[in-house]
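Asks: Protein sequences, first through last, are from chains C and Y.
The first sequence lines up with residues 715 to 1041 when you count with this note's numbering.
The second sequence lines up with residues 209 to 606 when you count with this note's numbering.
Incorrect hints may appear among the rest.
What the hints assert, rightly or not - In silico contact screen, one side only, chain C against chain Y (beta carbon under 7 Å); selected entries:
1. D736
2. A987
3. V989
4. Y992
5. Q993
6. W997
7. D999
It should be emphasised that the hints constitute simulated quantities derived from the structure, not laboratory data.
The C-beta atom is built at its ideal place from N, Cα and C for all residues, glycine as well.
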Amino acid sequence: MPELTYREAVRDALSQAMRQDDDVFIMGEDIAEMGGSMGVTAGMLDEFGPERVRNSPISEMAIAGAAIGAALQGMRPVAEIMYEDFLTLATEQIVNQAAKHRYMSGGQVTVPVVFRTQGGAGWSPGAQHAQQLEAWFVHIPGLKVVFASTPEDVRGLLWSAIYDDNPVVFFEHRTLYPIKGDVPQEIEPIPLGRARVHREGEDVTVIATGRLVHESLKAAEEAEGEGISVEVVDPRTLQPLDEETLVSSVKKTNRAVVAHEAVTRMGFGAEVAAVLQYQAFDWLDAPIERVGARFSPLPFAPVMEAFVVPHADDVLAAIKRTVGKEG
Amino acid sequence: MATEVILPRLGQGMESGTIVRWLKSEGEPVEKGEPLFELDTDKVTQEVEAEAAGVLLKIAVAEGEVPVGQTVAFIGAEGEDVPEVTAAPPPREEEKPRDPEPAPEAPQQEAVASGNGTSGRIKASPLARRLARERSIDLRSVRGTGPEGRIVAEDLERAEAGAPTAPSAPVSTGEVERVPLSSIRKTIARRLTEAWQIPVFQLQASADMTRVNDLLARLRERDPDVRVTVTDVLTKVCAQALMRHREVNAEFTDEAILLHPSANVGLAVAAPQGLIVPVIRSAERLSLTEIAGVRADLVGRAREAKLRAEDLEGGTFTISNLGMYAVESFTAVLNPPQAAIVAVGATEERVIPLGGETAVRPMVTLTATFDHRAVDGAPAAAFLQTLKESLEDPGLAL
């Protein structure tokens, strides 16, 4: 099995889709010559030319609107929003247009567009370039939302997102771009709405997304040393949500921790906790623990940033609370 | 409303404790953090501090064994009403009939009390409630050990396992004296029975203690205040040997053998209440004088039953020294999960061959017991040889 970085895995999915399908093209700020501010689309201009690797003006609303228009005309555009913080500028197009046209036309049109974006803390980008806003979009009927945490997942999920007939907001995490992982020789599409069990365990289920998947795996390792067996599950697709996998895991372990980098208040974990308490109520042996960022704009100072966002030790403490140990 | 005083869990695995005596009486004012009562667990006797300030309104359990999580007293404002205590079923020993509280089934309905152990709502996890429903267990008969006394699934398993064995009343015969098992005695019995399951082997060696005795004499001459003993030298020498032979400083688990990074040497101490093993941490990094200081403190507190739970945790090796008695050599039972223990006999003058002649030398016999699952014979022998050489020439170890 070849090894790719998360960054290369995204590029591979885009390039392979563009090779096999003329309807797929990419668009965004500085994605052509510069290869995007995170280098994801580096080299793609040379292979596909400026028609299909399109630099856009600095207007997220224009990028989103143009991509939606192209999708309505039958293309499969992948628009890059440089930082997910800037999704705020494209929200009108994504929320009021992309999410609504299929419904309002009675199914006469579809909007097969992908909004790729990235964000997250861990490298001091400051308050306006590090947020985790995935929960905003899970709240909108008509959108699908993906947040991949490994090279294999990001490639297989992006492929499925491109070929989904609905608008997909596709979140990547900045600090995951350099991580490496084995991927299948050929792209294996990963259906949207299917969770991945990263590690099986008996005592506690940790449901984590994005960077926190890796932090949770570290925490699980440490917990193991203290005799606590932890299952780690990544939903991968936040909407639609694989409730069945999450619920059956919690029915097995009787305890749950939900973990993400976004703030806890109204975070994605709140929704997961609600699903679990309803569907697994009679199986819960402890309150569901939530791990997320403190309710603060993200500080620039590295120590302050590290204080605000959660890490493996926060997950470990939550795990211990669920089993009644200190923490 | 009054704050419940709950029997705390002082260490992992603690399920119950014995209230020795109260340090405050009913009606007396209590500050938060003030010692409230003395609690005897399977490891230590410890003073439990008040977690709230006010007046000690009522002592619900004056003395005796109490499960973790049970309400033992109430602290509140002067003259405040105290909820009835729903006593959990006594674990094994019968409570003295002194306690006149009859059926706990009929509490006054007026007080809207919350929390387990009082009338009103019982705190239980959803899973515990479902299991109780399915197995027809009355949650009021189950004591909760989860956070804030919540009943969790594990408590139901325990309640069910414990239910059928009705406590048998003690029969007084007038001839055989019946000594009830203290919690420490039960722990000794359980742990040694566990240890007996482990496949072990013993190795024995004798060492010439001439130089150790010289060293001790010199140390005592130089600093008479710190009395360095043979046990301290053994502790140091064992710690150094464990660092050189890390495979002995080990713990066997089903998945892996854990090699500990430093030598936490436990000393078997005969305390009044029974055998107890306080631990000298990272002994390889301490000087002889430092070891003597730590040892004197630990042994002193062990004899006064004032050790804390943390004094007993984390040992990686144990020394059992019966050298003060007329014991030439003996075999010690392993102290799991540790992989080795050394039994030390008396240092006594023996006639030994030395350079083709006979000599009379102070000799000691060491018998080490090893967990064969973790350590094989050859590395164990190498460890024992290092011990012997270090005792015969302590300069090598120090």
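Asks: Look at each hint and say if it fits the structure.
Replies: Hints and how they fare:
Checking D736 (chain C) against chain Y by beta carbon gives a least distance of about 54 Å; that is not within 7 Å, so the hint is violated. Checking A987 (chain C) against chain Y: minimum C-beta separation of about 14 Å lies over 7 Å; hint violated. At about 15 Å, the closest approach between the beta carbon of V989 (chain C) and any beta carbon in chain Y exceeds 7 Å, and the interface hint on this residue is violated. The criterion of a C-beta within 7 Å of any C-beta in chain Y is not met by Y992 (chain C), whose closest approach is roughly 11 Å, and the hint is violated.
Of the supplied interface hints, the one on Q993 (chain C) is violated, with its beta-carbon coming no nearer than about 12 Å to a beta-carbon of chain Y, more than 7 Å. Because the beta carbon of W997 (chain C) sits about 5 Å from the nearest beta carbon in chain Y, less than 7 Å, this interface hint is met. A distance limit of 7 Å between C-beta atoms decides the matter here; for D999 (chain C) the minimum to chain Y is near 4 Å, and the interface restraint holds.
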